[in-house]
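Novice: Here is what each chain is made of, one letter per residue.
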Amino acid sequence: MGEPILQVRHLSKAFGSNLVLKDIDFDVEKGDVISIIGASGSGKSTLLRCINLLETPSSGEILYHGENVLASGVKAPAYRAHVGMVFQSFNLFNNMTVLENCMVGQIKVLKRDREQARQHAMEYLEKVGMAPYIKAKPRQISGGQKQRVAIARAMAMDPEVLLFDEPTSALDPEMVGEVLNVMQALAESGMTMLVVTHEMAFARDVSSHVVYMNQGVICEQGSPEELFAHPQRQETRDFLSRFRKG
Amino acid sequence: MNEASDLFSDILYLLDRFGGSYLSGVRNTLILALTATFIGCLIGFLCGVLQTIPCAKTDNPVKRFFLALLRVVIRAYVEIFRGTPMVLQAVFIYYGLPYITGGQVKFNNVWVAALLVVSINTGAYMAESVRGGIISIDPGQTEGAKAIGMTHVQTMTNVILPQAFRNIIPQIGNNFIINIKDTSVMFIISFTEFFAAHRAAVGATYRYFPSAVIEMVGYLCMTLVASFLLRWLERRMDGADNYELVADDQLVMAAGTYNHPDKGTPFDERSKEYREQVKQELNFGRTRGDR
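Protein sequences, first through last, are from chains A and B. Positions 0 to 245 (numbering that gives the first Met the number 0) are the ones given, in order, by the first sequence. Positions 0 to 290 (numbering that gives the first Met the number 0) are the ones given, in order, by the second sequence.
Over the 10 Å line for every Cβ pair with chain A, so calculated as not near, a few chain B residues:
| hint | residue |
| --- | --- |
| 1 | Phe37 |
| 2 | Asn108 |
| 3 | Ile134 |
| 4 | Pro169 |
| 5 | Leu232 |
| 6 | Arg235 |
20 Å max Cα-Cα, derived EDC-like pairs, lysine to aspartate or glutamate:
| hint | chain 1 | residue 1 | chain 2 | residue 2 |
| --- | --- | --- | --- | --- |
| 7 | B | Lys56 | A | Glu60 |
| 8 | A | Lys134 | B | Asp240 |
| 9 | A | Lys29 | A | Glu159 |
| 10 | B | Lys56 | B | Glu142 |
| 11 | A | Lys21 | A | Glu219 |
| 12 | A | Lys134 | B | Asp237 |
| 13 | A | Lys74 | B | Glu142 |
Keep in mind that the hints were calculated from the coordinates and are not lab data. For each residue, glycine too, the CB sits at the ideal point set by N, CA and C.
Given these sequences and hints, build the entire structure.
Specialist: Next up, the structure:
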């Protein structure tokens, strides 16, 4: 496949004596859409947060285009500007309008001028169908709308890879669809994505690669067809069978 | 009834004789309280921001040492100035500084001393309010800002402080109102504010109660106006409760802009004519001919 953007090597993370991630290894290549599935508490979100350096890994390496971002002297903010993130709880800036939310990063971090930032923000807000709401404040729009704005905000920074931390888990069922549609469109446009999700249909139909995590380790990974149709490990089968019934 | 009219005539007498000094007292009180609250807020914001600089175990030891030192210094400042009466602080600074420096440091202007004391005092209270305001902002806001590559300073100035500021306006108002009242202790360093006017009037006429009535009403008026202005500022900062949909781009699908089957027909609920017709019906009932 393409060139690797991110390579995670022997990554471990402990909170106190609790080992949450154990020796994680995997690569993200350009154009990949990787779904990370697994039970709650299996370390999926922690892995994503480690990749964006919101958590400091206990040991291991994260290589971004071959360069270890955990090395001392690497500026975390500069790295994070290339790796977008969409949160479960949206985390839109409450003091700004929808449009300002999508502009502030471009202006302050990427040093674009206001007009350029506005046009770029509008481009993505239109893609997620939120252009009519640019004057609204986050408290005035629904959860699904907030998440679409959050995606536009991340995309407006032109990241190389976009991380999604359970983007639909905090949404009402009828709003899940609108967010998944936006994500599917992004995936089809060739965006490199890393998605922690409980939406098995999305993992199966949209992603190019599925990772199943269990108790802090990558238990099994492969193409969605292999993993969903022919899971090799007993844990994977148990996990997937719970969704089949439901 | 007789007492009431006596009181009234006494008040009129005092106002007639000392009206000018009461008024200049009000002016001095307001200027001192307003300026000192403003400077106090600046001190408070500085302390609050410095106290919340994140410090990870992995940072280098020099930085960690300075941050720890900074926190100790701010902590000491807050505890000392919050924990002692402002009257004594005024005495310490106005009389104490020239005393221990042998006249090297002295205040030629009582305004400077009064401003210094009240500002530092307000700053000590605001430091804690600002720190509280900052840590009360949902950590998700910080993470959202970090995730788009903002540095700590950018996150603070663009995301956290504007929200924290909104949340601590009631505290600022509190301090302003307290300052209006508590600047009265500045008589100890012979600062002539509103309460000093009372002392002067009473000293000359011995009409304690009538003058106290003037003082009470005067202070209450000042604080009420302050409360009102602060509430107005809060509402203004919250912005409008509603927002307008923007649909200037024809390619955007938005409610009301798409082509629905009724468009252009008399049944078009979105057309101006239809809305007008409905309005007419609601106001005057249907016309007979319609049936």
